[in-house]
Each structure stands twice: as structure tokens, then as C-alpha cells.
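Asks: Each chain is listed here by its residues.
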Amino acid sequence: MFLIRCPWCGERDIAEFAHGGEAHIARPEDSEELPDSEWAGYLFLRTNPKGVIAERWNHQAGCRRWFNMLRNTATDDILAVYKVGEPRPEVSANLPATPSGEAAIGSGNDAAKVMAPGERGGPVA
Amino acid sequence: MQRYNVVSLIREGLRGHAGWQPAWRFPEPKASYDAVIIGGGGHGLATAYYLAKEHGLRDIAVIEKGWIGGGNSGRNTTVIRSNYLNDESAAIYQHALDLWKTLGRELDYNIMMSHRGVLNLAHDEGEARQLKRRVEANRLNGVDSEWLEPEDVKEFCPPISISPAARYPVIGATLQRSGGTNRHDAVVWGYARAADSMGVDIIQQCEVTNIVVEGGAVTGVETTRGKISTRRVGCVTAGHTSVIAAMLGLKLPIESHPLQALVSEPVKPILPCVVMSNAVHVYVSQSDKGELVIGAGIDPYVSYTQRGSLDIIEHQMAALVELFPVFARLRMMRQWGGIVDVCPDASPIISDTPVGGFFINGGWGTGGWKATPASGHAFADLVARGEPNAIAAPFTLERFTTGALVAEHGAAAVAH
Amino acid sequence: MSKHGYRLPRGGLIDRTRTLRFSFGRQTFDAHPGDTLASALLANGEHMVARSFKYHRPRGILSAGSEEPAALVEIGADRARSDPNTRVTEQEIFEGLKARPQNCWPTLGFDIGALNDVIAPFIPAGFYYKTFKGWPGWMAFEPLVRRAAGLGRAPALPDPDRYEAVNRHCDVLVIGGGPAGMMAALAAGRAGARVMLCEETAALGGTLLSRDPEMLSVDGKAPAEWVAAIRAELESMPDVAILTRATAFGYYSHNFVGVWERVSDHLSPATVPQRMPRQRLWRVRAKEVVLAAGSIERPLVFHENDRPGIMLAGSVRTYMHRYGVLPGRRIVVATNNDSGWDAALDMARAGGEVAAVIDLRSEMAPTHLTEAARRGIAIYGNATIVGTEGRNRISRVAVRPLTRRGGSSRPVEIECDLLAVAGGWAPNVALFAQSRGKLRYDEQIEAFRPGRSWQHERSAGAANGFFGMAECFAEGARAGADAARAAGLDPKPLAIPTVPASGQIGQGPIRVIPELPSNRPKHKIRAFIDLQDDVTTKDLGLAVKEGYRSVEHAKRYTTSGMGTDQGKVANLNAFGFLASVRGEAIPAIGTTTFRQPYKPVTFAALAGQHVGDLFAPRRTTAMHDWHRAHGAVFEPVGDWLRARAYLKEGESFHAAVQREARAARATIGVLDASTLGKVDVRGPDAREFLNRVYTNAWLKLAPGKARYGLMLGEDGMVMDDGVTACLADDHFHMTTTTGGAARVLGKLEDYLQTEWPDLKVYLTSVTEEWAVVSLCGPECHKLVSDLCDGLDADPEKFPFMTLRDAHVGGVPVRVFRISFTGELSYEINIKASYGLWLWQQVMEKGAQYGVTPYGTEAMHLLRAEKGFIIVGQETDGTVNPLDLGLIGMVKMKGDFIGRRSLFRPDSMRDDRRELVGLLTSDPNMVLMEGAQVIGGEAESEPPVPMLGWVASSYFSPNLGRSIAMALVKGGRKRTGEQLWVSRRDGAPVAVMVTATDFLAAREKADG
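Protein chains in written order, with our numbering: chain Y, 1 to 125; chain E, 126 to 541; chain C, 542 to 1548.
Calculated directly from the structure, the hints in this document are not laboratory data.
Positions of the beta carbon are idealized from the N, C-alpha and C atoms, including for glycine.
Treat the hints with care, since some could be wrong.
Unchecked claim - Facing chain E, a subset of chain Y residues (Cβ under 8 angstroms, in silico):
#	residue
1	His19
2	Phe44
3	Glu55
4	Thr73
5	Thr75
To be verified - A few chain E residues that face chain Y, going by a derived Cβ cut-off under 7 angstroms, partial list only:
#	residue
6	Lys178
7	His180
8	Gln329
9	Met372
10	Pro378
11	Tyr426
12	Ser434
13	Val480
From just these sequences and the hints, can you work out the full model?
Replies: Right, dumping it as C-alpha cells:
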């Protein structure tokens, strides 16, 4: 249950927002000249990263503005929120690491659940 | 392979079950294989099984990050049906259904394939029109499918409410009698056992960290347990397809979304079939153990955490109680999330790639389980021969460039 | 002992002045307010209350809380209010409570299902995977298996009760109302934090209520008094909320916690106040969380450890001191740590005859030994239980030394009616793990405890692995202050309550043995790990042997921990045994996943109030009541309810539609078109914007004129359509489909904000602002003129595709001359609040012309006569403008949304499905919508090649024959060709491919 900070309205529950897919995919100006493969790239191809994603959100039940968000898809940590037109901020994230292929909260592997003998305590974030 | 049957059970029962063999080995990875399948889920193990059985390719390895069947195979709600709209879809899903029918005997492992029937509900005229169109297309494609009026729906599935006063009244439904459910773990374990018995190495707790390419073609994979040379790699990691493809710099028409499901406490038999509703967004069946197995739509965002939001569950429960008022007091015992590859046309990708020897089987969205045998069958064929057969051909990556999509949103709108 | 057999003469937090009656099966019993069903049954000497899932073995009450694995019953007076699988340890007693045994037949005492236990050797874990494959096949066996499986019965009738969900924000959410939780709440509360304290049971206090007040004092007070005092202080704080009977069941991302409150389950349904919900879901967003959910005691794993009368030692103490019940008279205690001794001495003090204490350890606390000796309790150190007896309740325990010296291993048999087992305490880490924190295995306590936190939470007290009472107080204070500080407050140090030395002790050293040795051969040992699903150590061993070695595989193969308790008491023992069989350490094999919910939560509570009328909104127009009053039948369109047809007395739906459609072309038909989406488009760049979003050209549309527009997705497929009018150079009135309105507005906003921020355009949804009355028919201009002051609607003077401002009875209206039927037609837009009034005017003034209201079905029919499409009926997301023959709608110059996709290879195929008309050779034959078009007069063997499908099909009263529109491969080139439409029940129907404008065709034919 995400708690998302709309850059215009502040923190709200995810229920107020609509997701708009990957950000920074500009609509081609010169689509006429574009080969089919590149147009297909605009239409369909996505980075779909396990890690930091730049994505579009719309505060549908609020100011109805679109904005961008950086989120770690491996942990669902929200790393940054920025307005349309603003450059993508630099952020650091707790990225997936092998072995186990997972960030600390992980998905579907035992290693993410139990601390290895000798592993240090203390919060992760 | 040690035979399983009543006789062996009694024999072992009398001697304290001392004689059972391990269902599969725990081999160390070899330095090289003819082919490497990444992903030890149902589709991956099925691929290995058919590679060994039908293409005589036995020097192969299935590489699994965790434990086999621990991804979407172990998390899905096992709805089996083939009533898809397009010819291309009907072909692959019906092929799967035909294989399901005899798979238990073939694998000598009871997968509990239960052809108890699948209802797809219509709640308004538009939906009814679309579903009737599907019924007709199904019929001409040799897929069993029929239209039921509300009273027949009620008769086939007594606990359902067909009250016309409902916000989304049930005005009819399609029924595929040959559809149903099966036991996901059994399918995974059955394929693994059979593949292992033919010499396939199933390597668990081993993660692929890189794919080695030379001269535009695959030469091996690097894993957490060392490098393995091979000239053929099949990627069957639905949920994580993009992650593997990224190792080769490939971008795919796929987004990975959380998909949640839950089960109730076990109760005596109450729901005789599978019921699915797009409009109210819920689908439900009852497991042989007695639990109601319930699923819904995906969360809208990309996530690999294998968990979704509670509000999805809340809506799902509201929808369930709308359709089945008598379920209201039952309790949610366990909820979980998987990661599903979603393609723009709600159809899968079974395809070669720009990288020689690297093949992809993914993008199954919310409905991959039902296709498992056909998926493995067709993909094995692709990995073995290097080119897609008639069943796989419509599902190559090329369609996203030409625009020849296989749009199945109607048939796949609700997660299943 | 009192008349309730096992009720202690004094003690407990029950109200002994009042007696309640309840029934279990056919028997009725007495109880006191404050009892749970479990304590009341035990007080009456009823141990056996259930049967296990697989072998139907007798099951008793193991525990005193939500961790109870097997003591499940069905609660409820009727089949509407009945709750299967209810834990007797949690259900509170109320007057007239009715409980029934479940999963047994014919009776709990004599259960046919118990035959499974006889053949148990032949149906080990996973046996069903190995059989039922061959003849006659699974479908034949499944019904039997299904009937045997399942536990209780689902209700047969709809649930009459009400549920609700509420949102809450707080600084500190404290989960668990025991010593640690209360101190945490106090620390945070005194710091001025907004606190929520959730306690699962009916009362605060936790372990404090399970201690002998004679032995344990807190700050010199009896525990209950201390609890009352602290509760009073907490309640006096304005920002502190205390919830009892409230379980935090789910810890989700971003510190969102679901709390499930049983508001009235402890009351007799008859006495529940009208407005009180049965249960409430709290959706809590907490800045900081304190996890103080205590610990769970594990049973010991030995041969025949599953009989009724075998209970957790800590739970026995709870029954003694919280409920005033000692569930046995002659008691044996088996333990692997100090807490078992405390329990044993407790029981002795309470008057129980403690026959023996069996300790797996050889080192025992001297104080315990002397006290036990003083009380004449036989002591067996370094000993094991080799077996038990007693069919429906334990009657005897057999003990022998753990390490056999020589052959001297003849067991000593001890009579008893209660065996209290103490296998050590495990921190309740469920919610911590749900929050995705990492567990750490602690050899000191031989259990998992919280390791690395992921979210904003910290654990305290027993939940954090500290079992001493004093430690719990200190831990709670620390955690509460810590949380308050993290939430931005400034907590002051808290005085830690003092407790006597006896209260300091936790469980001391512990000796865990995965499976206690017995005198029987290993494969004959039946030591139960999971009491609900009947999973034994043998089953787990078999799983590992067969290759199901991962904890997840072993769990799934044996179903250990998959019952309604999700293995709260079983899992740790299962992990320990698996580890021992695999010869690895527990942390090395990991754990299964702790999933939400912590314990089963009612579906209806999760649905909250979003059921029935509140499940989804119903939007209705200003004229809705009139429609209802005039026989309208409605259909949902998007969120809207639209009148589908107006049925006269005794008129069939079909007849009504035919009548309405005839009237619309003969006299005047009137349609409520208010639901169409309407968007107000303003700004200097409005034209340019429309030019980019529609496929056709908009730069030259003059004010006062309107134009039909087609909207595509970027994939080139038709997404929406509608007429848009130019009100001024920088002001347009756009209409969309009813269902597509929200989607279209959202999409347009998206493009404006993200793709074309340079365009100065402002969009406002005005759908609800206007009511729209659509008039249709050759005479309708007269009625429009009658209605509108100073407007001459004569078609000559009021050209097609233009609009005029006018007034009706002084009320401003906007009149469009547009048509969706091909007939002369006007749409009058008026402020919604006048909608009903305008409609009534139309009916009044139109009476002389025979005005006839028509619904959406007739509207569909009328537009089909003219060959107009409906997005969503003639299109399905795979249809582009060229497929619809609307090439004229696609401008040659300039980009628009979706244009590029029209030039992809697949869009250029010449065998794409194209929209055509179909006429059956039999004019009375109406094709089924959705039917498939084929090329031959007979169906070949499947798969039958399909050319396309029928999108719309009606009997047209105005053309006196059936008409249909279909999408057919290369359709337009086939005009004049004969094709067939397949039918399930009958030979394919011959059809002629035609153009789609059936009216034009008829006019040609006529003249």
C-alpha cells in the first residue's frame, strides 16, 4: 500500500493515484520517417527494470496532475518524486545483488528471509 | 523411474516407506550442456521434459534460482481452460488442454486434473455479445464452449447469486465443461521427476548472473555455481523475463506486475466449478482440500516484490461477496503475490531473438499456467529446431513490429 | 472443586456472580462471563472437541489463544449466522451460544472418518500424488476426496450482518497489549504521540493475566490492578486509542497495517445494538510501529503427543489464572526449559496433584528441584516420553531416561488426566516477517527473533526474545520511547515497574530435541508436528528422502503448517526436524514465508461497506425517475443506468423496441442522451489540439458548426468517437461515448500535460452539467420550434451539423442539429437541473405529434439502419478507421494520435476484416450477434476457417426485414457475394454482403 507524495498535494494513499507506465518515453515527432521497428519501440518496448524505474503517476482523485516518480521495483521504495519537465534526479537504491538475486526484502527466495550466520543487524534502509 | 501406484504404496506401507527413491537428483552443474533452460517452473521443466522426450536432447540442464515451482507455478490459481477468442490462441490453449487430459498418467504423477467446468459470467449486454462471439469462435475451432442463461448458471453453480437487483446482475455465462483446475505442485514435481529420469540435470539454488555471447550468438551462461558452456539457452522465467533479457541488452514488450491471490479456510464442498467475472473482477474455485482459491486483477505498477496492495484484496472480497453472498462469513487464510509478465496484447511471447541461440518463452501475463504443457511442447520444438512451429509462430516478437497482435484482452481481462 | 468439575474455587477474571448457558453439540453447559468457549469446556471437563483433518484423530484443546491448531468448531444458531473453523480458544461465551463439532460423522465420539487412521500406514504424506492416476481416473476419485476433505460447512444463507472499514493515521501503532505493549503505549502516550494500542484478546495484560497474583506483584500491586491503573491512564490521554479484540493481521508496504476488530462477536446476536457492525477493518497508516505480540510456546515432539488432555504448560497457567480453570486433576508436566517448572509448581499450588515433572535436561534449577521435592513431585531429569495412552483423553504417560544405560530402558508408566508440555517459547515474529524484516536464529532460545528491520518498526518484549517479566516492561518502555522519538516527539524516561525476583526468570536454558526417542522402531513412531493436518515427523522425513528437501517443498508435500493456524505452533518444530534430517543448521535451511493474514480474517470484513448498493456507483440522469415511472427497463452502460426500452402494459421487450423504432421515423421519437460524455475544450490552441487528437481535420470548422470526430489509440485502433461543436474560435464542446468519457478526458489531459505542454488548452468535464434530449423524426423540427422561443428549426433555415442558442420557457438551451439515426434530428442541451422539466415539456407539447420516448435498444437499431457504428460494438480494439470504411475521416496531411500505426505492415494487409452489411436471404431471419461468418454452406471439421463475425443484428421495422453489420475479411471487395453465418443449432445461414447504409440502399431501390 504505497504512500505517495504528490508534488502538488503532499502524501496520499495509492488509492488516489493512477499509474501511467514508464516515464521519459517521448512521443516521436517525426513518426513519418520512423522505421516500423522504432515505432514499435515507442509503442511497446519497455525497460521494465528490477531496480530503479522512472514512472508516471497521475493524482487522479486529487489535483489530476501527472508527475514522475523514481521507485525501486525490487523493494517498492519510493526514491524521488518530481514534476513533469524536471530532470530525473540522481538517487541511490538498495539494488538486487547476487547470490540470491534479490534486494534485502527480496522476492521468492529463502536467503532474503533469514540472516546468514554472522550477518550484521541494524536496519537496512 | 520408480512406478507410483496403489501396489507400491501398500508395499512401502508395510515396510515403513523405506524404499521410496528421490523424485529427482541434486546434481552439480556440468561444465557444458547441449542446452540450458533458465527457470525451473512448470513451463521450464515442461520444456526440458519435451526436449528430452521428443527431441532426444538429454544433455540439458534446468537452472533454478530458488526451489523448483517456487515462482508463479507455486503461486497461481491453476485455472485450466482454452476458450480464447483468436484462432492462434485457441490453437495453443486447446493443445495444452488436450495434453493436460492425459498428463497425469504420462508422468506417472497424479496432477489432480479436474475437468469441473469453467464459467465466464456476463453482466451486461456488451459483455454478453463478446462472450457469445467467443463461444461461436470456440465452437468452430473445436473448443468446447456453450452459452448459459442465468437459470442454467444457477443450476450449474448453486451458491452464485443471479439476483437481477445486483449492481452487476448475472445475465448469462459461457461454460467450458472440459475446463477446470489441477494441482500446481504436482505438475511441477511430475515434470521434474520425469525429466530427471531421462537424464535432465535440475539444478536448484543456482542463479544465472550473465549470459555469454560471442559473435552474436550464445556460448554459455555464468551462474552463482560457475560457468556453463552451451550454444542454446531457453529463457523461461516469466515475471523476470525482462531481467534476463537485459543481460543481453534486449528490451521487450513486457511489464512485470504484481498479481495477488488468496485462499479461504478449508470448508466442505460448496463450489462445484470455476467462476470468473471480468466486470466485477474476481475469479474463484474450490481446491480439493476445501479452500476457496480466489484471484483478481493485477496491481497497475511494475514491481518485483511479489506482493501487492491490500485495497486490491478488499475490492476482490467485495466482488466475491456480491457474487456469492453465502461466502461472506468465510475467512481469508492466506494471501500472496506473484510477478506476471504482461504483454500489450495479453498474449505470450514464444520467440527467437536477435541473439543467436537465445530463445524466450514468457509474457504469459495472468494466464500462463493453463498453457504449461503446450508452452513447453512448442518451446522445446523452437529450442531444438531453431524456428517456431505452427503453434508458436503467431507469438514471436516480430508481431510487435508488424502490428499483427493477438489481442486477447476480452479473454484474458481478469487474471487467471 | 466447584460444580463445574474443573473450575478452581477462586481466582480468574471471570464474573462468578453470573452464570451463562451454552451448548456444544447436543449438550448444554454452564459458564461465567469472561470465559472463552475453551475455558468453559475445560471447566466442564470437556477436552476432546474436534477431529483432525486427515486421520480424524481425537483433538483436544492445546493452547489458550489464536495459535490453537486443532480445537476448531462451528459456531452459530442458524445457517445464515454460522461460523465454521472457529477456534474455541478465542470464541468468547455469551448467553445461548451454540457450538457444534465439525468434520466428523455421525458423532464426535464415533466418527467413521477415523477409519483413515487405521490405514494411515498406507496413506503417508503425498500418497495422493502416487495414486488415483489410472482407471477410472481422478474425476472418479475426486468427489470422494473432496467430501472427505474440508473442515466445517460454509453458511447456507446470505450473511445478515454489517461490516465496516475505517482509515486511521497515527504516530505510533503498538501491536500487543501485554506488559511490553502497555509500557510502549505509555511511553509514547506520555510523550504526546498519537497512539493506537491493539490487543487481540478481550482484555489488556497479556502474560500478566496468566500469572498467580499471589506470586507476582507489579509495583506492589496485583497484576490485574496494575493493568487497570495503566489502562485508566492511557484512556485519559486524548490521543491514545485502545482497541481490544483487535488483531493486527497484515503488515504491508510503507507502514500500512491492517487491523481486524471483532466488534460484536462476543455478544449474543439478539443483544447486538442496531447500528453496531459485526466486525471492523482498520486501515492504519502508522509513522512508527511497536511489535509487542508476545511469544508462542511450542509443544514437544514425541510418540503419541497428540491426545486430548495434552496441553501447552503456559496455556494451562492462562486457564488457571485468567479463567479460574485447572484442566486436570492428576497432572504430568514435560519440559525442556524452566518455564515448565513454574507451570508445574503453579498447578501444585492451585491444588492440582502434580504426579511428575519430566525434563529433557539433566541440569535443572535447584530452586525448582527443592520446591518440587518439598511438594512430593516425582522428578525425571534427562528423560523422554516414549508414549501415551487414552483414547479420547490422555490417561497414562510412559517415561524413560533419554540416554539408555545398558538395557535399563523399561519405561515408567504414570497415570494422569493432563499432560502439560513446555517446549520453549518462540518470539511471535509473524508481523515482523510480513514487514519484510529479516529473522535471526538465536541458539540461546533455539528460535527465530527479529533481525534486520526493513520498515519503521521495532520489536519489544517476548516478541523480541526477552521472556522475563521485568525485561518485558523495560523493553516496552524502550521501544515506546524509541518509536515516539522516531515520530518526532521528545519522550521522557519512564519508571520501570518493579517485580519480585520470581518475575525476572524467563525460560532459562533450553534443550531442544527435534524428535524425542522412543522404544519403538523409528518408522513406527507417530510424533505429530502439525496437529490439524496430521503431519508427523515420519511424513517430513519421507519428504526429505524423496527429494522435497527445501522447507517450501517439504511444507507443500506434507501440508505441514498449511492449516487454518498456518503452523503457529508447528512450524518451528518442523524446521528443526527438517534441519536435523538434512544434517544442517536451522538458519541454513531457512523458513517458509510468514504471509498475511496473521490469522484468518472474515471476507465480509475486508469487503467492508462496499457491498450491495455501495459496491459500485450507479449514475442516473435527471430524467431517471420519469423513465422508471414509464415502464423503462434499464441497462448498465459504464457507471450509468440507461433506459433500454419503455414497455407498455403487457408489451414484450421486442415489441416495445419495434414500436419505438418505428415511431422515431414515422412521427417523433425522443431519447435521453444525457449520459454522453461532454468535455468543454477552451484555449487559443483548442483547434490545433483537436486536430491532433482526431483523425480528421479541425482547423477550418467555423463557430456554430459541428463535426463528427474519430479518436484512435497510438496503436491506430479506434478508441472513441463523437460530435464536437465549435462555440467560438477558442471554445469547443466535445462529446464522447457514454462509457469512454472518463478514459478520453484522462487521455487528453495526459497528452496536454506531458506531450504538448506548449499548447494552451483547458479541458473540463461537463457531462453532468447538461441534460440532453434528442428528438428524431420527420416532424420533429415542428416540436423543436414549438419548444424553443424564437427558434425556427425548419431544416432549410437550421442546416445539418450546426447549432443554435435558444430558450425554452426562458431557460437557455443549446440546440444541435445532428443525427445518429440518419433521420431529421435535434439535440437540445439544457442545464441538468432543468432536464426533467424539459423532458416533461417535450412529452406535453409533443403529444399532438405522437411523441414517443425510445431507449438505447431502439437507438442502436436506428443507427444500424443507417450503418453508423458504435464504438465497442463494431470495434473491439483491433479495428482501425480504414477497416470501418471511414477513410474519408482520415486527413492526409498532419500527424494525429495513432496515425503512424496505420502504416504498419499489418494495417496495410488487404485481407483485414472490414465492416460490411449482411442481408439474410430470409428477411425474417435475425442473425445472432457474435455469430461467425464462414465461406461455405456447411461447416467443415474444426477448425473451421472463419471470415469474420456479426457485430450488430436487428429486425428493422422500418425496412421490414432483418439487417446486420459484420466485420469480414476483405469484406468490401466481397460486396454482392454470398457468404454464410454459422449457427450452433442449425445449418449455416446464407447471407448477402452489402453496404452498411441500409436506408440509402432502400431509397435507391425505391426510386
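Asks: Look at each hint and say if it fits the structure.
Replies: Hints versus structure:
1. His19: 4 angstroms, holds
2. Phe44: 4 angstroms, holds
3. Glu55: 7 angstroms, holds
4. Thr73: Holds, because the Cβ-Cβ distance from Thr73 (chain Y) to chain E comes to roughly 5 angstroms (cut-off 8 angstroms).
5. Thr75: 6 angstroms, holds
6. Lys178: 28 angstroms, violated
7. His180: 30 angstroms, violated
8. Gln329: 11 angstroms, violated
9. Met372: This interface hint is violated because 11 angstroms lies over the 7 angstroms limit.
10. Pro378: Where the cut-off is 7 angstroms and the nearest Cβ of chain Y is about 4 angstroms from Pro378 (chain E), the hint holds.
11. Tyr426: The hint holds - Tyr426 (chain E) has a Cβ within 7 angstroms of chain Y, the shortest such distance being about 5 angstroms.
12. Ser434: Holds, about 5 angstroms.
13. Val480: 16 angstroms, violated
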